[in-house]
Structure formats: structure tokens, C-alpha cells
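Novice: These are the residues of each chain, in order.
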Amino acid sequence: MRCRRCRAPAVIEVRRHNAGFCSTCFLRHCAEQVRRAIEEHKMVAPGERVLVAVSGGKDSLALWDLLLDLGYQADGLYLGLGIGAYSDESGAYVRTFAESRQARLVEIDLPSRFGFGVPEGAAAARRVPCSACGLSKRHLFNQAALNGGYDVVATGHNLDDEAAVLLGNVLRWSTDYLGRQEPVLPEAAGFARKVKPLIRLGEREMAAYCVLRGIDYIVEECPMAEGNRHLGYKAALNLIEEASPGSKQAFYTGFLARGLPHFRPESEEDRGELKPCTTCGAPTPSGQCAFCRLVDSVAAVGESTPVPVPTRRRRARR
Amino acid sequence: MKVLLRNPRREVDVVGPLRVGALLRHLDLNRESVLVIRGDTLVTEDALLDDTDLIEVRPVISGGAG
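Chains as they are written, first to last, in our numbering: chain A, 1 to 318; chain B, 1 to 66.
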């Protein structure tokens, strides 16, 4: 296989583009896709400060790398989730990357700052771990951006992530969520702008980007995520993609162009009035925000109730 | 050839030579969900793998619902 652009031997094929790329042209392709996403959706204006939510995984580290190379003022934010050795390893990858790029890294450690990790938070609040994790991330990323004077929070959600979320929302006809599945969530009182610059790149491309750039990242999957619905949706979409390359992109971009406008008004109507959280001041529809309720539920159960991190089991084909 | 697989981490022996696409079919893996790395280099689906190669099949799917 040859590179579509320069005819050198290819190192990766991107079947939805019916193309192979050599290393140099593939890295350029990734940078072009991010630049196009940012421009097309007006994600970041010149001179704005970006806070990149980094997990130690391929997507967020690749995103940070790409934004730095594209000339953005991009600092990293790492949230320690208290998931045993997985968190230790993830944090190490983030610190190594930040040091190699001489980039500024902000760290928040959930256990030492709030007295619990994701396993304990999920058990105390009787949520699935991914729900407690997502809730904590959304709250703390936003607070860190506001406190640090950043204009925008950038996350490493890629095309596969967005297509999988879309599939889940469509299967349940979650019209409120469908109306909010935007690549950009604009800033509002108490909220920083949130953007997803990787929506034009697939998960496989992001892993390849890291391999080709020599970025070490945590390859093992989060032990708390095993068996979650989101991973099942990705596996289902990949079966379709294998048979019909380009399906995921057509599904997601078609939604943005032709589906989202139908759901957006309903979603906007559903948003009630927000008031400051009685504990932390963050905007919330109820008296206390969901994150502060999570903190309180852990405190009510007792701080000395560690929950073991599950061990990995063999999984079927995906 | 030695093939390293992840999640869970394990190593299997596969008789070569064979192409990357054939290896993935042999392992019953979806080519959209993995990268194939020979030594420290990515290889495309049509690359011919030799019996003496060290191969990593790296999953690319990640993430929770958050």
C-alpha cells in the first residue's frame, strides 16, 4: 500500500477515506483535521487560553500534542480518579508527556482533595462507576477552567466516542441529550466553553498518531469501564464500519447537519432556571449540585470504606 | 511469530508467513478496533508478516460513558 499523498510506503490505512498514509503525511492529516474542526465549529479564537482535559489515554495526549503544535496556548488538567494502579500509571504518562513538551500541567487528586475515589463515590451514590466518574470530571474540569481564567476546556472525544453516544441516545430517543450533543457547548454564566476538536478523527487514528509521534499512553482499559454500554455501542458500530467503511462518520456528521437542528429547540426549552449550588456555588437546577451531593453521600457512608478496583476479565470479540 | 495481545495481556504463537489481514481474521479481531505493530512500526493490512516477527496487536477502543 502506498501513501495517497506522496506515494511512499504507507504505514496506516484509513478505510473510510479509502486511503493509506505514510507517517509524515498521516501526522499532517491529523493536524489538518483538528484545524478544520476548530475553524468549522469556531471552537477556539486566536489568543484564547485552552485547558486540555488529559487522562493519560491516547486521545487526550494526542489532542494536547496537536493543539501545542498548532500554536494554541494549551495547558493540561489531570484529574486523579483514585482507581488504584490504573490511576497511578495514567498520571505517570501525563506527567512524562507534559515534561517532554515543557507544557504546564494542573493536577487535581480526587481522593486527597475530596476524600474519595471513583470506586467509593460510585458505591456511596449507587451510581455506575462511569457515571460517578463523568459527573466528577464535568464539575471539576469546569471549576478548574473558571478558577484558572481559561476560555475553553478541550476534551479528547473523537469520532468514535461521538458516534457511540449518538447511537445510545437514538436507541433510547433521549431527545434532550440529542439536542445537546454539540461539538461546542458555548460558555454561559458559571460555565466555561467546552469543545471537542477530535470529532473528525477516529479512535484508531488517534492510537496511530500516538505510536507515530512516540507518545506513550495507557493502553489498558479502565478496569471500572468493563462491560459498560458505551463500549458495547462502539463494538456494534465497528461491526458496521468493517462491512461499510465511512458509516460512523456519515452517522455522526449527518446528525450534526440534519438531525441536531430538530432536537436543539426542545433541549433548550427543557433547561430550567439554574441557581448557585448551596455548597459550592456552581450553577444547578436543584439546591445542591450533583457533585456536592456525591461528596456528601460518600461522607455519609464513611470515609474508611475502600471499594476494591475490579480485576480484568477476558472479553469477547469486539 | 509471537503476537502480543492486550486486555488481557497475553502472547500467542501464530505460524507465518501471512498478511496482517489474515492474522486479524485468524485471531477473530475486527480490523477497525486494533492497530498492528511490527517491532516499533505500524503495518498496513497488506503487509506480509514473517515467522520471526514480533507483533503487537493493540486495541484502540477506550473510554467510559462519562
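Think of the hints as simulated: they come from the structure by calculation, not from any bench. Hints may contain errors.
What the hints assert, rightly or not - Listed next, the stretches of chain A that the computed footprint assigns to chain B, with coverage defined by at least 3 CB atoms under 8 Å from CB atoms of chain B:
#, stretch
1, 30–38
2, 55–68
3, 204–215
4, 218–232
5, 236–246
Unchecked claim - One side of the interface only, derived from the structure: several residues of chain A facing chain B at Cβ under 10 Å:
#, residue
6, Met1
7, Ser23
8, Asp160
Quantities reported herein were computed from a predicted structural model and do not represent experimental measurements. A virtual CB, placed ideally from N, CA and C, is assigned to each residue, including glycine.
Novice: Hint by hint, work out which the structure violates, then give me just those numbers in ascending order.
Specialist: Hint 1 alone not satisfied by this model.
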